[in-house]
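Residues per chain, in single letters:
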Amino acid sequence: MNELLELFSFAFFRNALLAALLSSIIAGIIGSYIVARRNVFISSGITHASFGGMGIAYYLGFPPFLGAGIFAVLSALGIEWSSSKAGIREDSSIAILWSLGMAIGILFVFLTPGYTPNLMGFLFGDILTVKVTDLIWLAGTAMLCIILISLYYQAIVTVAFDADFAKVSGLPVQTIKYISAALVSIAIVLSIKVMGIILVLSLFTIPAAAANLYAKNLNKVMIGAVLISVVGSLSGLLIAYFLDLPSGATIIFTLTVLFVVLKMIKLIR
Amino acid sequence: MEPLIQLDNIRAAYDKNVVLNQVNLTVHSNDFIGIIGPNGGGKTTLLKVILNLIQPLSGRIIKSDKVNIGYLPQVNTIDKQFPVTIKDVVLSGRFATDKWWKRANKEQLIRVDELLEFIGLDRSHNVPIGELSGGQMQRVFLCRALISNPNLLILDEPNTYVDKTFEANLYNLLGELNEQMAILLVSHDVGTISSMVKTIACVNGGLHYHPSNKITNEILQSYNCPIELVSHGHVPHRVLKHHGHE
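Chains A and B, in that order, are what the protein sequence lines are.
One rule links them: number in my numbering = place in the first sequence (from 1) + 252.
One rule links them: number in my numbering = place in the second sequence (from 1) + 17.
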């Protein structure tokens, strides 16, 4: 217990906890939306395509996550546009942007003289080195998600559930889709910085899928997903610290265990 | 009487195949038009043009300022696992008249209660739509179409999943609704709808408007509308084509 208290006296650990908490709020809300719309594949595509922006940023010497952010937003809008306007099948355009982004990233990292960026950091994040500016960004995005979803919940659900009906009703379906695509990609990139690609995918998917087992309405799925990811990521973080394991990997394990337990309880009942 | 919608020489394509040519149709405020035709003949494309979901290649659609459409899509186009309750589905119909930032008001919530009671699902507000049968889901979508008090109700194959007991109720209900609004009803089941619609539009590439609900195989053939006419009503048998050589 003393050891736990001592842990909280370290600024890096408090920041890591706060980052996990804020990412859980973002991932719970956005992830539930992604899972409900069956868009998990899109978020994987965006996540990987952002690597292209990171490579270009390394090469040109500006902040890598700015590059990743720009690439993520562009690829999200590109997927939305190419499937709704250009008549390319959505899964095809996702696969094209996914591999193109990775290829651009690898090319520019290769071309960058004398500098090999930490690729493990990109895969698994570095939650223990989170800075205060990162926390401010995360807090801002979490607030934005909460505000948008509580003010416009009905319109968002109407569009996500039945886009044709929403169009017939005169809702600005395309605008709402573009805004949500942009928000999804911003949320993903901010979370990549903290959690890494692999953990982002699990944090955006597993808690939402678990909450879906019990909740009947999207807003309840969102609340459930936030709670599940808070529990999963905090306990994963503590396990990582005490057993001296990589935190990204332990969080994925705790989330998966939570999912399996919730699924079994559901089966037994 | 002011027309609600006028289609003027519409030519429309779906997935690059031209399926509708030279289509003219006027919908007035108390019409009840049954839209029939073979699969692939363009029934759904016609609806999508009227609903503004696809742009016609040429021709004009003239809509009255007063038109307020209630739309019941085919149930099989809906994601049944989406986490949404019956109440929220019905309530989402209010955006036909509400702006997107508006929140639901008290009258709308009361109207949801009334509509759900009317279709016998009043104890099921918080049931997710995934737990409903096809017929129940169709009734819920009918409520969604009605909550904004439309003056034009558009139904795409409403009798596909509805159980036989509710089917009769549905048709009685549509008859009542027709006193307050125009109805466009797409159906493959010609015999059933002909007894309640006022007029019939046969869609097969073009559109032939038949200003009565009495229709025979001969008329259908002259309209180039090769569908099987199934007779309901007093005589419980199918009216089949004559056998022998064509």
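It should be emphasised that the hints constitute simulated quantities derived from the structure, not laboratory data.
Small disclaimer: the values here were computed from a predicted structure and weren't measured.
A virtual CB, placed ideally from N, CA and C, is assigned to each residue, including glycine.
Fair warning: there could be bad hints in the mix.
Taking CB as the label site, the calculated pair distances span [stated by the list, open to error]:
id	chain 1	residue 1	chain 2	residue 2	range
1	A	S351	B	N47	27 to 33 Å
2	A	M354	B	N41	50 to 56 Å
3	B	S46	A	I340	26 to 32 Å
4	B	K215	A	I340	55 to 61 Å
DSS-like, lysine-lysine: derived pairs with alpha carbons at most 30 Å apart [what the hints assert, rightly or not]:
id	chain 1	residue 1	chain 2	residue 2
5	A	K419	B	K123
6	B	K231	A	K472
7	B	K80	B	K181
8	A	K337	B	K231
9	B	K97	A	K468
Evaluation of the provided hints:
Checked against the hint of 27 to 33 Å, the pair S351 (chain A) and N47 (chain B) fails, with Cβ atoms roughly 57 Å apart. Roughly 53 Å separates the CB atoms of M354 (chain A) and N41 (chain B), a value that falls within the hinted 50 to 56 Å. Evaluation of the 26 to 32 Å hint for S46 (chain B) and I340 (chain A) yields a failure: the beta carbon distance comes to about 42 Å. Range check, K215 (chain B) to I340 (chain A): Cβ separation about 44 Å, and the 55 to 61 Å hint is violated.
Taking the CA atoms of K419 (chain A) and K123 (chain B), the gap is near 25 Å; set against the 30 Å cutoff, the hint holds. At most 30 Å may separate the alpha-carbon atoms for a hinted pair to count; K231 (chain B) and K472 (chain A) exceed this at roughly 52 Å. Note on K80 (chain B) and K181 (chain B): the hinted pairing is violated, with a Cα-Cα distance of about 35 Å set against a maximum of 30 Å. Taken as a hint, the K337 (chain A) and K231 (chain B) pair is broken in the structure, with Cα atoms around 43 Å apart against an allowance of 30 Å.
With a CA separation close to 12 Å, the supplied pair K97 (chain B) and K468 (chain A) stays within the 30 Å bound.
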